[in-house]
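J.: Sequence:
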Amino acid sequence: MLSKFIAGYNRLVLKQPLATLIVITSVVVFFLLHIPDFELDASADSLVLENDASLKSYRSIRDQYGSDDFLIVTYSPQQPLFSESVLADITQLRDELAQLEQVDNVISMLDVPLVDSPPMTLAEISRKARTLESDDVDIELAEQELRQSPLYENLLVNSEGDTTAMQVNLVTNQRLLDLINNRDKLYEKVGTIPDAAQRLEQLSAQIKIENLAHKLKLDQTIAEVRRIMDAYRDKATLYLGGVPMITSDSIEFIRSDLKVFGVGVVLFIVIILAFSFKHIRWVVLPLAVCLTSAMAMMGYLGWSQWPVTVVSSNFISLLLIITLSLIIHLVVRYRELAMIEPEASQYQLVSETVQSKFTPSFYTAVTTMVAFGSLLVSGIRPVIDFGWMMVIGITVSFVLAFTLFPAALMLLPRLDSLATKDFTGKVTAAIANFIQHRTRATLMIFGLLILIALTGIPRLSVENRFIDYYKESTEIFQGMTLIDTKLGGTTPMDIIIDAPADEIMAEDELFASGDITTNSYWFNRDGLRDVARFHQYLDELPETGKVLSVHTGMQLLESLNDGKPYSDFKLAVVYKRIPEDVKKALIEPYLSEDGNQLRFSIRLYESDKKLRRQELIEKIYLDLTSEYGLDPEQVTISGIAVLYNNLLQSLFRSQILTLGAVFGAILLMFMVLFRAVRLSLAALIPNIISAGLILGLMGWIGIPLDIMTITIAAINIGIGVDDSIHYIHRFRSEFIQDRNYWAAIARCHNSIARAMYYTSVTVVLGFSILSLSNFIPTIYFGVLCGLAMITALIANLMLLPILIARFRLS
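The number in our numbering is simply the position in the sequence shown, starting from 1, with 886 added.
These aren't lab readings, by the way, just hints derived from the structure by calculation.
Don't be surprised by glycine CBs; every beta carbon is placed ideally from N, CA and C.
Incorrect hints may have been included.
Stated by the list, open to error - Pairs of lysine to any residue, SDA-like flavour, derived with a Cα cap of 25 Å: (1) Lys1101 - Ile1226; (2) Lys1071 - Ile921; (3) Lys1145 - Ser940.
Stated by the list, open to error - Now the in silico label distances, taken between C-beta atoms and shown as ranges: (4) Arg1692 - Lys1496: 42 to 52 Å; (5) Tyr1233 - Lys1312: 33 to 43 Å; (6) Ser1347 - Ser1012: 51 to 61 Å; (7) Gln964 - Val1156: 33 to 43 Å.
Construct the entire structure; sequences and hints are all you get.
T.: In structure tokens, the structure reads:
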């Protein structure tokens, strides 16, 4: 069977190299034409758990009480905030922003109702609420009210009175929301109705098209907002914030990373190949295969409309690195054969090179695919997508390495290799000599590394701040810091409290036609007293910044009643008499239409290093259901903070699942490849130590697990075992010659170890390029992966040979 495969391969690829290149070129060109369709995605939906029940609740609450699709413009003037010239500038800025096509409205300190500037009566408010732009407003009183009001303080104006914020509400893309809602409803019907899967596919395609158009409009709007802001930077310090802005800027970071990573890795490839092999052929051919693989994958992703996220933004650099590692082994083997077989033809050299390296290269490619495939069990959508992209990409790389490279080589004349004494050979020979004569010292060193790993892993944490994902020089970081410290916190969280179910049923029967104070469980004197208690509790938590609820609105309205609570009768009168715009600002965002559901809008201090989201969520839920007497089914905690926390809390589970999957799958593959249990375990040990050491160092240094760093261990094992496979494969062939363990090890260190050294150095330098990213987790990923690969190389060159020799494994 194998001989037939080799004969067929030689006939199709090596004896018809030109035809092979034409076929490959045709396929690659097809995908290259789709590179313009290559998409990027950094939306919040791309950073949530698969099947997260909280996501459905979050979308439902957002639909009922309003979307978080708005921008925040902060304005810190050089002159006093409430001076005439500054107010004129803010007015002009607001008006310019409001005129943008995709802006629905702008809420600023100029537009909100004022009741104490000077004090107003309910009758006056019912006719027309006073604002900062009213002719009869008292600016000094308005400044005092905006700085001290329970509603406006640290929301529109900070307590120091030197910074204000504008909320730029964007036009809602109702068609996109409807498509997403229809898709979510259809998910639940898959398997129950005949054409559900087909309709789901159609809806997903429509969502992709609509989402792309929406992102283009959003990017254009944000660019226009920044252009308007630029005209005021000589008078004030301005920052732009909000989820849409973070999404847009993150996409730009991904786009920048793709360019920087791609160009950087290509330059390193050229340098490494030129330094290692010192011939233009061994620079151009490997580079051509690497670039073809990467460009073909980009075209495939564009053709399949599969967007790249922050997590998968480094897939091009990884693919280039992995492809190069495959090619380097072929180049090194070709040069070895050319040296020991001076009379062999080009066909013989290429054929022997391919035959000798196909099996180990196949298993190294498959084990690397298994490593990335283990990410599929993480349950985190961007991590799952990253895993699939790399599995497909490595498949493409392997096929091209054993078709494009040998076919191109066949069109070139034989290239003789001269025996040279290089630095690499001296290093690997010295390692072989050291481990043979210093075996105990070597084992003690690795014992120390194991101790570091075992003591560091329990210190791992998943608690990290979203603000730390970005460099301090970015507007995302600076804007979030200002909003966090001066304007009441950053990360939104909602507390939804429903009326008791039995109370709602009783009220529906008794007061079907009454006013809101009789129909509503909460909007009456007794209910509002409870609301005030809940609000005070939430506001006093050290982790919470600005807390908004119907209580803040009532505090504003009660100032019209000398600060005293209204009776139920007067409360009904107030509700009916206040203008609709006041009602929309003070009541409707925090109370359902029937008055039986409360919403507390909270912002958390994202910059607080002591913030522990899971502990906070559990504490709030426990306190509300125990100390405040609410039933568990009455309380729902939602919002971006909850979705992000769910993602973080899943990371430990994801790390365990991915490591378990990769260890189990690779061990089974080793047993198939080596047909020896002890040798398979020995091959896995150096890579387990390498992965464990990285996790242990993360624990000791205090680097938390995040959506990027949870992939390091699995990827390290997948790439690291490549060295184990190549080493053991070569050791077996060398051992047969004289059945002398240490002599065979010395020969391995003088041959295959050099290829391992070249590939590992290339991988490490390639990973180092990731340190140029704007995304901090990507920087950690690059540095830690590089360190992991160095550790894996050292372990495979030092510990693996000792295990083989000491336990007589062959």
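J.: List, from low to high, the hint numbers that the structure doesn't satisfy.
T.: 1, 2, 3 and 7
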